[in-house]
Amino acid sequence: MRELTMSNCKMGLAFLSLLVSLSSLHASSIEQLAKEGEAAFYHENYIEARKALIPASQQGSVQSLYYLGIMNLRGFGTPANFKEALRMFKIGAQKNHPDSQVALGVLMIEGIGTPQNHKEASRLFKIAAKNGNSDAQLILGWLYKNGVGVKTNNTLAYALWNYVAAQGSDWARVSRDAMYYELTEAELYRGQELSSNLPKLWKTVASENSRTNKPLLKRRS
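Throughout the sequence shown, residue numbering follows mature numbering (1 follows the signal peptide of the UniProt record, and there is no 0), covering -26 to -1, 1 to 195 in sequence.
Since the hints were derived computationally from the structure, they do not count as laboratory data. Just so it is clear, the structure is predicted and the values come from calculations on it, not from any experiment. Think of the CB as a built atom: it goes at the ideal place given N, C-alpha and C, for glycine as much as any other residue. There could be a bad hint or two in this list.
Subject to a maximum C-alpha distance of 20 angstroms in a straight line, what follows is the list of computed EDC-like cross-link-like pairs (lysine to aspartate or glutamate) [claimed, not checked]:
| # | residue 1 | residue 2 |
| --- | --- | --- |
| 1 | 57 | 94 |
| 2 | 9 | 22 |
| 3 | 69 | 18 |
| 4 | 25 | 58 |
| 5 | 69 | 94 |
Pair by pair, the computed Cβ-Cβ distance ranges are [as the list claims (entries may be wrong)]:
| # | residue 1 | residue 2 | range |
| --- | --- | --- | --- |
| 6 | 52 | 145 | 43 to 49 angstroms |
| 7 | 157 | 52 | 42 to 48 angstroms |
| 8 | 141 | 178 | 16 to 22 angstroms |
| 9 | 53 | 181 | 42 to 48 angstroms |
Please construct the entire structure, taking both the sequences and the accompanying hints into account.
Okay, here's the thing in structure tokens:
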């Protein structure tokens, strides 16, 4: 009886080892497809990109699904389909994929393929920004500057742009510098303090009450 138990144990360990190996091979295969698709995308070979990205996304690659969403949005290698792009970005956003959250937020701000929803867009940008997405940090600064989906807060706008500017963004630097004379000394000091203390910055962002669907400022013609 003891020998049978030991035999079963060895068989169980061998089976688990096989499962781990197969899982690793599966993950490696998905990763390879995703990389091939991404490379083809950046080389503007959209037909080949789709050939790799579609199976990779079907096997669980959220990044591949994001690129497919971009291709549907822009009509790269396929007719433009805003609804399909929106669906793909929603899946990615639900799985906490920062680029998908940013893309979905932009569609909600602009009302592309979906009704405008500035409050939900600002929520998505906050999540992606806190997770280190510089595009989300830039856009969130713009939202605070213009009071879109959030209460106007020049100090937070300055803090976000000051932080991203320190990472090398020229757009953030120009936007930050343009605010210099709009802030009091106290606001300027507070903005600089927040940009150098990320936990405090995100805590302040989280505490801000959102405001729904303020009309976007009209662009100058």
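Taking the hints in turn, this is what the structure says about them:
| no. | hint | result |
| --- | --- | --- |
| 1 | 57 x 94 | holds (18 angstroms) |
| 2 | 9 x 22 | holds (12 angstroms) |
| 3 | 69 x 18 | violated (27 angstroms) |
| 4 | 25 x 58 | holds (17 angstroms) |
| 5 | 69 x 94 | holds (16 angstroms) |
| 6 | 52 x 145: 43 to 49 angstroms | violated (30 angstroms) |
| 7 | 157 x 52: 42 to 48 angstroms | holds (46 angstroms) |
| 8 | 141 x 178: 16 to 22 angstroms | holds (19 angstroms) |
| 9 | 53 x 181: 42 to 48 angstroms | holds (44 angstroms) |
Violation of the numbered hints given earlier is confined to hints 3 and 6; the remaining hints are satisfied by the structure.
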